[in-house]
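Residue numbers (this note's numbering), protein chains in the order written: chain C, 34 to 361; chain E, 10 to 133.
Hints are computed from structural coordinates only; laboratory data are not their basis. In this text, all values refer to a predicted model and were calculated from it rather than measured experimentally. Cβ atoms here follow ideal geometry from the backbone N, Cα and C, with glycine treated the same way. Every clue listed holds true.
Mimicking EDC-like on lysine to aspartate or glutamate, the simulated pairs with C-alpha atoms at most 16 angstroms apart in a straight line are:
1. C/Lys141 <-> E/Asp34
2. E/Lys28 <-> C/Glu339
3. C/Lys213 <-> C/Asp124
Okay, the calculated bits of chain C under chain E, using three or more residues with CB under 8 angstroms as the criterion:
4. 71–84
5. 95–104
6. 134–143
7. 148–157
8. 160–173
9. 335–345
10. 348–361
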Amino acid sequence: MYGNAYIDPNQQHSILEGEDMEKLAAFEARIAQGDKIEPHDWMPKEYRKQLIRMIEQHAHSEIIGSLPEGTWITRAPGFRRKLALMAKVQDEVGHAQLLYAAAETLGKRRESMINDLISGKSKYSNVFNYPAPTWADSAVIAWLIDAGAIINQVTNSKGSYGPYCRALDRICAEESFHLKYGHDNVVFLATGTKVQRQMVQEALTRWWPPIMHFFGPPDKSSVHGEILMRWKVKMASNDDMRQQFMNMYVPKIWDLGLQIPDPNLRKNEQTGKWEYTEPDWNEFKRVINGDGPCNAERLAVRRTAEERHRWVRRAILGQGVEYVTPLA
Amino acid sequence: MIIQSLDPRVTRARIDQEKEFQPLDQLDQFETYEVFHQKKRGQQHSHVGIVHAPNAELAMVFAKEQYSRRGQCVNLWVVRTRDVFITEYEDADIFETTPAKLHREAESYKVMDRIQAYKERQEA
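Whenever a hint applies, use it, and build me the whole structure from the sequences.
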């Protein structure tokens, strides 16, 4: 999950408790006619809460996601790939900045978001808790994880919150290079020597389960889910996005003669839907709650970056600084 | 425990995995600057987003890095967020052009009818 909206179905009280029904009606009418909501507009408490969580998780995913890929910067094969990988990693960190800014317009300070990431209170996309043991892993991430991210981001960019949509438009424009770069690296290996083919096949086999986890577990239909759809916070079901991903990328993977490690994977020509083995959702829950192969390292690296440069930030913080919420 | 990573940069940084984290203070990330860019000469500057910075000079450095990585920029402005005056969306009715202000609209000037009538009178 890149940061999908979700309301705990066990939540006892109504999420609309205490809202001004007249203002709520005007708010919903505005969204229904396709208008965007801007930071100073009236909005229900739950709308604000869900968006902060979603955009913040997305920002954390960008910044943590640059770590598995960064693993290969020093050893990328050849100068051009090294330059391209550095540029991609810089883009990801830049995307985090744009998303933190969008979340800030809703009233959560960037310091709080960073603190919540490092303390483990906030989550980020589960896929980045897995390692990239070979160069081919970084190629598979750049192609297929970015492909999943683009599907998620294009979908969410049609949502109702103006600052998030604007950040996503800018991000999607930059991601197209990532996808091409990743595809280029995978194709190079898949059309290369026997050893190179084997390397990319092994990376795909390792990454297929996390890729299947990427869009999150199937949504259970609920009243809350319908409200989030009506508010255009959630724009598509997790399964719909997964189907879209498979439609676009499974044929491309098969075209390279690579094997996807799921004997049940096939497109049902009658329904037009992909059939597949459900990935292990217990593992997904276990990893998202901290028990994955790289969770501890990812957070320790992030913590260290904040800690070791804190003295520089203190030294350049001027007098009379006053924080106000960014405008848009 | 010092982290031994697949990433040689992480291993070299000698990171203690168990170390406690002191949460960031309120102004650790400074204040924000609103960024405006001009895509090419002759076009208007437009708002593109914000950067966090301790002063205008560094805001400019970050803005250049954040908003002009793909070219498409010939000029940048940064201004402290707290120095910007804004209107509220709930006051958007101040921008409504009332029907009484039709004298501002080009299409409320209909001369052709009058010219036509004049010509008909001349011919008669």
